[in-house]
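Chemist: In case you want the letters, here they are:
2 protein chains.
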Amino acid sequence: MREAFHDSLNHISDQLVEMTRLAGSAMTRATTALLDADLALAEGVIDGDARIDEGRDRLEDQAIEILARQQPVATDLRMVVTAMHMAASLERMGDLAAHVAKVARLRYPLSAVPAEMRGLIVEADQVAARLVIKAGSIIAAKDVTGAEQLNADDDQMDHLHKEVFRILAADGWSHGVETAVDITLLARYYERFADHAVSVARNVEYLVTGVWHSRRPYADVE
Amino acid sequence: MREAFHDSLNHISDQLVEMTRLAGSAMTRATTALLDADLALAEGVIDGDARIDEGRDRLEDQAIEILARQQPVATDLRMVVTAMHMAASLERMGDLAAHVAKVARLRYPLSAVPAEMRGLIVEADQVAARLVIKAGSIIAAKDVTGAEQLNADDDQMDHLHKEVFRILAADGWSHGVETAVDITLLARYYERFADHAVSVARNVEYLVTGVWHSRRPYADVE
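If you read the sequences in order, they're chains A and B.
The working numbering numbers the first residue of the first sequence as 478 and each following residue consecutively.
The working numbering numbers the first residue of the second sequence as 478 and each following residue consecutively.
The shape of chain A in the complex, shown without the other chains (with noise of 0.2 Å):
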């Protein structure tokens, strides 16, 4: 009975890393999708959403089941509850990548991304691609230490939410008021994607040592 039930922990462990890994590749695939103007990698993108929406209902299912039939406590219930949190969190980083291939779609057969702002676009998908697998690496190992430093990562990623508000607010921006939103809702996009990278990595930390050293990791961006 015992051992079936830390069978049933672990596999909502693996279950959250899986999450990770559709994320991140989702992210990827858009950003690729919005630097080609591929529309069947948008719609790719999009389409595949409802398997990492899929995967969070499973979970919080799975976690109201354990919560009324084991009755978990300490450990064990962190892990549950906490798994609902991060699933919660996961679910919303497909959702933006979604976004970033809806607008690729949107904008197809042109590319939303002026050419001077490609560099930082790739950035950003480099360090939101950074954060989700040591999201996973930390889910997967409950590396405390690993949670901890992501911040550091997160860190790069306002570093360039900044420089792009800072081109975007400059004199001599020539690619017109709509080429402009885009770029803003994007930024907002990976920016986000990023924040729940860190909130999954705090929840790890709480589940380890059950005390929330931060449990609001991020001040957006303003």
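Mixed in with the good hints there might be a few duds.
Identical chains blur together in the list; that is why a pair holds if it fits in one copy or across any two.
Stated by the list, open to error - Okay, derived cross-link-like pairs now, SDA-like style, lysine to any residue, Cα gap no bigger than 25 Å in a straight line:
no.: 1; residue 1: K619; residue 2: L499
no.: 2; residue 1: K639; residue 2: T656
no.: 3; residue 1: K639; residue 2: E520
no.: 4; residue 1: K639; residue 2: P586
no.: 5; residue 1: K639; residue 2: L516
no.: 6; residue 1: K639; residue 2: D524
no.: 7; residue 1: K639; residue 2: E625
Note that these hints are calculated values from the structure, not bench results.
Fair warning: this is a prediction, and the values are worked out from it, not measured in the lab.
Let chain A serve as the given structure and place chain B on it in line with the hints.
Modeler: Frame of chain A, contents of chain B only:
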């Protein structure tokens, strides 16, 4: 013992209703700060967000305590689990109000909103206020019918959101890129605020019926 338990569940419900009140008040004050370029009011909203954050932290702690000690099942369990989700949404609604206030602060002593957009921002605030008040009533009364109807109000927010982007994308936008960026972000903040209110209502549906009618009622506006 059981009576004390049900008192604690009622107390959780009361706290959620109080959080809807705080989040709604924050958004309305943030909107006034934005339209009147009222710095003191903006600062008040930004500082006041900590109170909503604390409300969420307190609720989460109480929920975990109840799960550990009372090991609730069925409706009681759903009350505790949905309370955690609703508190997370309400906390985020407070953040979004603070984001609106931060735009007001950033542009002070000017108003970030051009004259021709003020009407839309007022409407967005009114829809937001209506949604969050209804969400509070729905929680208090466990009102499934009200929860179903909330989508109609959210449709109004989606409509406003599209109208904002139509104006931004039209030829003849004369307020520059920086203002377009502000308006883009503001529109997103109001829209996400509304999405979270709908999410709260959906949690009440699940709490009462044990079935998720739709877990993701909101496909955020592209």
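Chemist: Would you mind marking each hint as holding or not holding in the structure?
Modeler: Consistency of the hints with the structure:
In this homomeric assembly, K619 and L499 come within 25 Å of each other (Cα to Cα) only inside a single copy, at 20 Å, whereas the closest approach across copies is 36 Å. Taking the shortest alpha-carbon separations for K639 and T656, both the intra-copy value of 17 Å and the inter-copy value of 16 Å come in at or below 25 Å. In the homo-oligomer, the alpha carbons of K639 and E520 lie at most 25 Å apart only across protomers (22 Å), although the nearest pairing inside one protomer, at 29 Å, exceeds that limit. Taking CA atoms no more than 25 Å apart as the test, K639 paired with P586 passes between copies only; the shortest distance there is 22 Å, against 28 Å inside one copy.
When the C-alpha separation of K639 and L516 is checked against a cutoff of 25 Å, the pair qualifies only between copies, where the shortest distance is 23 Å, while the shortest distance within a copy is 29 Å. Within a single copy, K639 and D524 get their C-alpha atoms only as close as 31 Å, which misses the 25 Å cut-off; across copies the closest is 23 Å, which meets it. With identical chains, the CA atoms of K639 and E625 are at most 25 Å apart within one copy only, with a shortest distance of 23 Å there and 40 Å across copies.
Comparing the model with each numbered hint stated earlier shows that all of them hold.
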